[in-house]
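*Asks:* Go ahead and model the full structure; you've got the sequences and the hints to work with.
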Amino acid sequence: MNNVPKHILAISGSTRADSSNAQLLRIMAALAGDRWNMTFYNQLDQLPHFNPDLNRGNVPEQVSVLRAAIEAADGVIICTPEYVFSLPGSLKNLLEWLVSTTLLTDKPTALVTASASGEKAHDALQLVVGTLQARFTPATTLLISGVRGKLAPDGHLTDVPTEMALAQLVDAFTVLLSR
Numbered sequence: 001m002n003n004v005p006k007h008i009l010a011i012s013g014s015t016r017a018d019s020s021n022a023q024l025l026r027i028m029a030a031l032a033g034d035r036w037n038m039t040f041y042n043q044l045d046q047l048p049h050f051n052p053d054l055n056r057g058n059v060p061e062q063v064s065v066l067r068a069a070i071e072a073a074d075g076v077i078i079c080t081p082e083y084v085f086s087l088p089g090s091l092k093n094l095l096e097w098l099v100s101t102t103l104l105t106d107k108p109t110a111l112v113t114a115s116a117s118g119e120k121a122h123d124a125l126q127l128v129v130g131t132l133q134a135r136f137t138p139a140t141t142l143l144i145s146g147v148r149g150k151l152a153p154d155g156h157l158t159d160v161p162t163e164m165a166l167a168q169l170v171d172a173f174t175v176l177l178s179r
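Just so we're aligned, residue 1 is where the sequence shown starts under full-length UniProt numbering, counting upward by one.
These are computed hints drawn from the structure, not numbers from a lab. Glycine included, every Cβ here is placed at the ideal spot set by N, Cα and C. Hints may be right or wrong, so weigh each one.
Unchecked claim - Listed below are the simulated DSS-like cross-link pairs for lysine-lysine, each with C-alpha atoms no more than 30 angstroms apart in a straight line:
| hint | residue 1 | residue 2 |
| --- | --- | --- |
| 1 | K120 | K150 |
| 2 | K120 | K92 |
| 3 | K92 | K107 |
| 4 | K107 | K120 |
| 5 | K150 | K6 |
| 6 | K6 | K107 |
| 7 | K92 | K6 |
| 8 | K92 | K150 |
What the hints assert, rightly or not - Per label pair, the in silico range of CB-to-CB distance:
| hint | residue 1 | residue 2 | range |
| --- | --- | --- | --- |
| 9 | P52 | T15 | 18 to 26 angstroms |
| 10 | D123 | P52 | 40 to 48 angstroms |
| 11 | D123 | R67 | 24 to 32 angstroms |
*Replies:* In structure tokens:
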């Protein structure tokens, strides 16, 4: 396997600065060690509402920044909560800005849903990202229900099975990145 770290773009589906999802992305970066160089996309709340009329010609600068970050990445990890049994509107908006592109087509992708329940959002995330033709496998997707009870206030995992599941996802995603 190539020893050069893979460039990963991490997208939290929550706009909260220190959300459970952002904490889990940092944990995954630590688990990956020197196999990945992770960049965090922190502008979810700055994307304009998707408008097909703005998607022609010169798109808004924030959209260009997002698209360039995805294009430059070897792979993408999305970690999202569930809001009202679905994806957060801000994450769905981000994904809508990608529909007219091929930026996620065959892009190695890991999908993590971490919420109180999360089942419906996890299904929706796989459906939408699959529609964009991103490359993910069952081993690079993970649903973490009851996430608040599995994270300590300082952001470290207190649940060994969840930490093991994240480590397995990191390993599976690293393999997917090398294909």
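*Asks:* Indicate, hint by hint, whether the structure satisfies it.
*Replies:* How the hints compare with the structure:
1. K120 / K150: holds (20 angstroms)
2. K120 / K92: holds (14 angstroms)
3. K92 / K107: Roughly 18 angstroms separates the two Cα atoms, so the pair holds.
4. K107 / K120: Holds: K107 and K120 sit about 23 angstroms apart, inside 30 angstroms.
5. K150 / K6: Holds, at roughly 28 angstroms.
6. K6 / K107: holds (13 angstroms)
7. K92 / K6: The hint holds at about 26 angstroms.
8. K92 / K150: Distance ~26 angstroms between K92 and K150 Cα, so the pair holds.
9. P52 / T15: 18 to 26 angstroms: The hinted range 18 to 26 angstroms holds for P52 and T15, with Cβ atoms some 23 angstroms apart.
10. D123 / P52: 40 to 48 angstroms: violated (26 angstroms)
11. D123 / R67: 24 to 32 angstroms: At roughly 26 angstroms between Cβ atoms, R67 and D123 fall inside 24 to 32 angstroms, so the hint holds.
In this structure, the one hint that does not hold is number 10.
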